[in-house]
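Based on the sequences and whatever the hints tell you, model everything.
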Amino acid sequence: MNPIISIKDLNKIYATGFNALKNVNLEINRGEIIALLGPNGAGKTTLISTICGIVSPTSGTVHVDGFDIISDFRKTREMIGLVPQELTLGAFETVWGTVRFSRGLFGSKRDDDYIEKLLKDLSLFDKKDSEVRALSGGMKRRVLIAKALSHQPKILFLDEPTAGVDVELRKDMWKIIHDLSSKGVTIILTTHYIEEAEEIANRVGVMNNGELLLVEGKDQIMENLGKKQLVIELKESTKKIPSSLEKYNIELSQNGLQLIYNSEIKDGETDISNVLIEITNSGLLVKDLKIEKSSLEDIFVDLVRVES
Amino acid sequence: MNFVAIRIIYLHEMGRFWQTLGQSIASPVISTALYFVVFGSAIGSRIANIEGVSYGLFIVPGLTMLSVLTQSISNASFGIFFPKFTGTIYEILSAPVSFYEVLIGFVGAAATKSLILATIILATASLFVDLNIAHPFWMLSFLVLTCIAFSLFGFIIGLWADNFEKLQIIPLLIITPLVFLGGSFYSISMLPELWQKVTLFNPVLYLVSGFRWSFFEISDVSVGISLTMIFLFLSICIGVIGWMFKTGYRLKQ
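Chains as they are written, first to last, in my numbering: chain Y, 1 to 308; chain V, 309 to 561.
Just so you know, the hints here were simulated from the structure itself, not pulled from any lab data. Certain hints may be false.
Anything over 12 Å on all C-beta distances counts as not near chain V; from chain Y, calculated [what the hints assert, rightly or not]:
id, residue
1, 40
2, 55
3, 93
4, 171
5, 179
6, 181
7, 198
8, 260
9, 282
Cross-link-like lysine-lysine pairs, in silico, DSBU-like; alpha carbons within 35 Å at most [as the list claims (entries may be wrong)]:
id, chain 1, residue 1, chain 2, residue 2
10, V, 560, Y, 117
11, Y, 140, V, 474
12, Y, 228, Y, 154
13, Y, 175, Y, 239
14, Y, 128, Y, 183
15, V, 392, Y, 75
16, V, 554, Y, 75
17, Y, 128, Y, 109
18, V, 560, Y, 75
Computed spacing ranges between beta-carbons, pair by pair [unchecked claim]:
id, chain 1, residue 1, chain 2, residue 2, range
19, V, 395, Y, 175, 22 to 28 Å
20, V, 338, Y, 136, 38 to 44 Å
21, V, 511, Y, 41, 42 to 48 Å
22, V, 346, Y, 117, 55 to 61 Å
23, V, 477, Y, 75, 54 to 60 Å
24, V, 326, Y, 75, 30 to 36 Å
25, V, 326, Y, 86, 24 to 30 Å
26, Y, 114, V, 326, 21 to 27 Å
27, Y, 183, V, 395, 27 to 33 Å
28, Y, 86, V, 506, 35 to 41 Å
29, V, 539, Y, 166, 56 to 62 Å
Cβ coordinates follow ideal geometry from the N, Cα and C atoms, glycine included.
Structure follows, in structure tokens:
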């Protein structure tokens, strides 16, 4: 199946000289939820702003459903909804008015039934006549989602949708995202929260310093980049690592009572069983074993640290 | 052409006008009435007729132009500056609308507001003086063209400004002096010869003169020149906005 978004060699250099995107290549599949992870200034917002038409690319191409975002901007933008990071809303407009405005702006004819359903789905209908300024932060976030969905887009961009929201609302947001995904909407979200990416995304992209370091499924990332740490507690202390174990990535604790083996996961396999056999053969007596597996967060932190 | 978007931008902008209807109407009515009391009655009664037109009547076109120019600039500049200021401009930039459709929506609404305002001013003026319009078609044409031209100019200011100070500075320091010195309240024939020549460099003179001709068939410069100057100003504004849109000046990064 053709990707719904295809990004090739995308670069963005701002007037200040800041290189926000460096040769980004990415294909996003129809109906998937992809999370872009990265620290502040990584280029996540610039990437989605470029696809949406807010930022002009310096070079490279972006196609949405086969259409170029510059020469066919009407077709591409009709397919896209954007929920920005900031709560940017006209303070004196009503919820109903601002959502209806968004629908019209995207060229869709007036459809009060659809807007009513949308507001009900987002638990906003009882606030439809309220001015936006009277709403809580969480409600404003929902209004932004309603605006982005007002023209029934195929693709929804959410720029840090849960930044600064409480746990309950965050879970509500995740449910909204899952519901939209089940209706076939392709979702691209940026986030700082690894937990969020783990919870809702099919694939995770890691960005840092304007580069897209990797884009893979969560399980693949764990498989390819995950590490296991085996901590072997010894009954009696030892002064040095037995020579038969030197070929493995093993460290000895200062008190000589622990051997720490850092294992990389390759094709789902590790050398843990071989290490254990070698320890037994070397005559060391094992008191206890502990295995720790790296989380997506550990992998993310390692990736970003190495790049920096 | 995304007509639905043009319509919704237009209605959205007009919505702000209707929301502050009392203020929108009261302000021009009060200021026009004050001008007539001060210039028309108190001072005007001591000024001789100008080319056969009483002073109170003579200032009506200039007074209308003063409000139309300042309000066109104010409405259009604020209309596009406010979304930039609040950040809601992201929605317009990411919508399937061309810059020209955005322009028609914003400038159309600003020009409409100015036209409504001009109608209110003329209606208020008719309470003080016996207003007869010699060429209603040309009066309306000059009025509409001026509303559009200065709304376009206001739109440029709104795009250019990145703070409230800049938004105010051009109307305050350039437009208002030009309007006052452009023959709004006098005929340039009343000025010394040197200042008459200097005044010819003031674009507002051509607007006021053409507009005044449509009322009383008297003008400081020929009607043809007035029309040419308005179209020239319109063309320059459209050219500048076209460049701003093409380069994304102060809109896109």
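Given the hint that residue 560 (chain V) pairs with residue 75 (chain Y), does the C-alpha gap stay at or below 35 Å? Between residue 560 (chain V) and residue 75 (chain Y) the Cα gap is close to 20 Å, so the pair holds against 35 Å.
ask   = Cβ-Cβ distance between residue 346 (chain V) and residue 117 (chain Y): within 55 to 61 Å?
value = Holds - the Cβ-Cβ distance for residue 346 (chain V) and residue 117 (chain Y), about 59 Å, lies within 55 to 61 Å.
Claimed clearance of chain V by residue 93 (chain Y), with the beta carbon kept past 12 Å = Since the minimum Cβ distance to chain V is about 8 Å, residue 93 (chain Y) lies within 12 Å and the statement is violated.
Exercise for review: Evaluate the given range 21 to 27 Å for the C-beta pair formed by residue 114 (chain Y) and residue 326 (chain V).
Suggested key: holds (26 Å)
Practice task
Say whether it holds or is violated: residue 282 (chain Y) keeps its Cβ farther than 12 Å from all Cβ of chain V.
Solution key: holds (62 Å)
Checklist entry - Is the nearest CB of chain V more than 12 Å from the CB of residue 260 (chain Y)? => result Since the minimum Cβ distance to chain V is about 48 Å, residue 260 (chain Y) lies beyond 12 Å and the statement holds.
- Query: Is residue 560 (chain V) within 35 Å of residue 117 (chain Y), Cα to Cα?
  - Reply: holds (34 Å)
Beyond 12 Å from every chain V Cβ: check whether that's true for residue 55 (chain Y). Its Cβ does come within 12 Å of chain V, the nearest being 5 Å, so this is violated.
field: Given hint residue 109 (chain Y) paired with residue 128 (chain Y) - CA-CA distance at most 35 Å
entry: Holds, at about 19 Å.
Check whether the Cα positions of residue 554 (chain V) and residue 75 (chain Y) lie no farther apart than 35 Å. holds (19 Å)
Status of the given 38 to 44 Å range, CB of residue 136 (chain Y) versus CB of residue 338 (chain V):
For residue 136 (chain Y) against residue 338 (chain V), whose Cβ atoms are near 40 Å apart, the range 38 to 44 Å holds.
Open item on the list: Quick check on a hinted range of 27 to 33 Å for residue 183 (chain Y) and residue 395 (chain V), using CB atoms only.
Closed with: At roughly 29 Å between Cβ atoms, residue 395 (chain V) and residue 183 (chain Y) fall inside 27 to 33 Å, so the hint holds.
Violated hints, listed in ascending order, are 2, 3, 12, 13, 23, 28; each of the other numbered hints is respected by the structure.
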